[in-house]
Amino acid sequence: MQTQLKSSGMQVSWVQKVGPLLGLGVIVVALSLISRDFLSITNIFNVLRQISINALLAFGMTFVILTGGIDLSVGSILALSGAFSAGMLASGMDPVLAILTGVAAGTLMGAVNGVLVTKGRVAPFIATLATMTIFRGLTLVYTEGRPIAYENDLFSMLGKGYFLEIPIPVIWMLISFFILYFVLKNTTFGRHVYAIGGNEEAAMLSGIRTHRVKVWVYAISGLFASLAGVILTARLNSAQPTAGTSYELDAIAAVVIGGTSLAGGRGWIVGTLIGAMIIGVLDNGLNLLNVSSFYQQVVKGGVILLAVLLDRSKKS
Amino acid sequence: MTNPLLEMTQIQKSFSGVQVLTDAGFSLESGEVHALMGENGAGKSTLMKILGGIYRKDGGRVRVSGVEREISDPREATGLGIAMIHQELNLIPHLSVMENLFLGREFVFGRTGWIRWNRMKEEAKKWLEQLEMDLDPSVKTGDLSVGQQQMVEIAKALSLEAKILVLDEPTAALTNREIESLFNVIRSLKKQGVGMIYISHRMEEIFEICDRITVMRDGETVGTRVSSETDMDELVRMMVGRKIKNRYPRNPVMPGEERLCVEGLTRKGEVKDVSFSIRQGEIVGLAGLMGAGRTETADLLFGVRKPDSGTIRIDGHEVRIRRPEDAIRHGIAYVTEDRKQEGLVLPLSLRENLALPNLRSLSAWGVIHRQKEARLTEETVETLSVKTSGPEQEVRTLSGGNQQKVVIGKWLATSPRVLILDEPTRGVDIGAKEEIYRLMDRLAREGLAILLISSDLPEVLGMSDRVLVMHEGRITGQFDKDEATQENVMKAASGGEV
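Chains as they are written, first to last, in my numbering: chain P, 351 to 666; chain C, 9 to 506.
Hints may contain errors.
[As the list claims (entries may be wrong)] List time: in silico BS3-like cross-link candidates among lysine-lysine, alpha-carbon distance up to 27 Å: (1) LYS489(C) / LYS280(C); (2) LYS134(C) / LYS198(C); (3) LYS148(C) / LYS199(C); (4) LYS469(P) / LYS314(C); (5) LYS499(C) / LYS469(P); (6) LYS133(C) / LYS199(C); (7) LYS380(C) / LYS535(P); (8) LYS57(C) / LYS348(C); (9) LYS367(P) / LYS535(P); (10) LYS650(P) / LYS469(P); (11) LYS134(C) / LYS199(C); (12) LYS469(P) / LYS276(C); (13) LYS348(C) / LYS535(P); (14) LYS499(C) / LYS276(C); (15) LYS129(C) / LYS148(C).
These are calculated hints, taken from the structure and not from any lab test.
It should be emphasised that the depicted structure is a prediction, and the values quoted were computed from it without experimental measurement.
Extracted from the complex, chain P is given alone in its bound form (with noise of 0.2 Å):
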């Protein structure tokens, strides 16, 4: 008997995770030759700060779209807990505080889409798609519909902040890739995660529960949008009614074109951080070489329909 590659990722194949990063490399190359700015330092920390909230939503999106789920509900619960914690600021709380109830939050929306897709029985399109509009409106309720702004330099550090040069939500965005790495490959949760997408009845008759799994993974979710609000909220020094919006989509096709199947059971959290930064390192490129946003949106799109359909072809 011979043995396979040893043990690394969970199936995916080797060309699906070469694929993403050889397309991420193809991107830089053309854009540091074209734009001598491009492979700065600043350039590149300021790119990776970009993304970093994005990777937040893609990397708890991972373990949903794992599962075979979506949530759509990210870019509100990014805004409500961004609001409560600015909220709790404004109003003199402590900021470590502020912040812990801010994320406490947001994984209790999570959780609550959880429940609604397992208890509930709906399907996480439908069930993340009214919280979303749930949460959006909770938000505009909460702040009036207006910026709520704060003092508050120590929680202002979280998004504006430098450790060793490195910005800080870089360090957030990387220590979060690392553990949730881990989990996902070495632990037994990470296992049932694989396993419910894969096929869920068969988890569940090899004793898995998969119903408190699956809560864990929309709260899971439901934390790294709270994390990314929370950051959000320190960079911009105020919570915005309206912020996320949208975020959600982004999050997804950093998912997708990290070579992760919507259909669940296959892909890694590696290929969402590759993907997460594609989408950023062409926002920048474009922006450095003056193309209209206009244009920028045609060419995300086409970056997403060029992943999926290379994904496709590798397989058959």
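The hints should help you fit chain C onto chain P, whose structure is shown.
Coordinates of chain C only, in the frame set by chain P:
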């Protein structure tokens, strides 16, 4: 002599360098039922796909009514009167029977696209009646039983003027009564001159309905026999290329203590007052027709469904089983009926599938211990001799028999005390079947209590030390090995008290 209806000779086919068919062929007369037998991977389905125009052959000849044909796509096959009735039915469940029958060729007014429903209904009724089916054509197809749906498929084939019908494992999901009516239809189609190719693993059926039998092995035709001039032993020998001494290698031992004891297990509308016990080292068969409540009983034991009342005791202790997790903890393992739907996570690897019910013992603080996992995989692959390219192979790409071994293996790794096997050899070839039987025998002798649910009556009778029979949710018969005969069991299964 007239030309045969169909003649396939020296068919060759390879996929990306692997020769799947080297010299395959057979001939089919009109009005004949011709069985195609062979282990999984012998090349039966490839040969049929070439006939159906799904694959193109690399070499050899296909003659239909004496004329050589190059069948390059499924449409052409249909045009030549070739129709396939697959294991997986090709009907759209949300559409009515008549809509399915005439899908893509609806009766319309002129070229308007306006459907003539009355005409459709009449025509549909006509074709259904030909199969002696009394069925309202406007019923939703998904509401029919599998057997009825299969009849609709056959009606559809006939309405397309099919002369050659390929029946691929047609009885796999049918009840005995449905099998009987299918056989009646086959007999009347014979009289109309339709030639039928019958693919099945069930010997009894083949001898009952087929005129000739062609056996394939490793992509070659081994030979063709007239049914009345051959027997099971010869066919098995042809299929596996060696002699199988004992089809059911069961060596019973003196059973030990009572392992599993079930009393008054009841769930409304499914299972009524079921009581039985299994001792260590015992294999107890559970026979009955489809829908008699056998799988439901197993589901209750495993916590997939919740009972309304009843008690379950393991080694004398009453246990509460509310979900599969509890059942696994109490030492129950359940090899489910449908390995692709319920047994395996197809996109995951061999290693990941084997680990799935064992993650608790393979991990500490929720972190999986890689070496332990690798060891478990290695041991299982070795003890069950799973044919695989390695632990990372996706189970999707394993053969049926090897997939079944993976399902059994993942449960054996939980070191169970009670093993429930639901149709463990369905769709598995003879070689792998024999291995599974040997394994069952060995496990029982090591002290496991085994509940064997099977619709394959000779299998139940051959492997079980005791046989329970269910009918409409109740246990209607209980037989020791020497009393368990086909007649007794069938009588109890159809509701006649014994």
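### Message
For each hint given before, does the structure comply? Return the numbers of the non-compliant ones in rising order.
### Response
3, 5, 10
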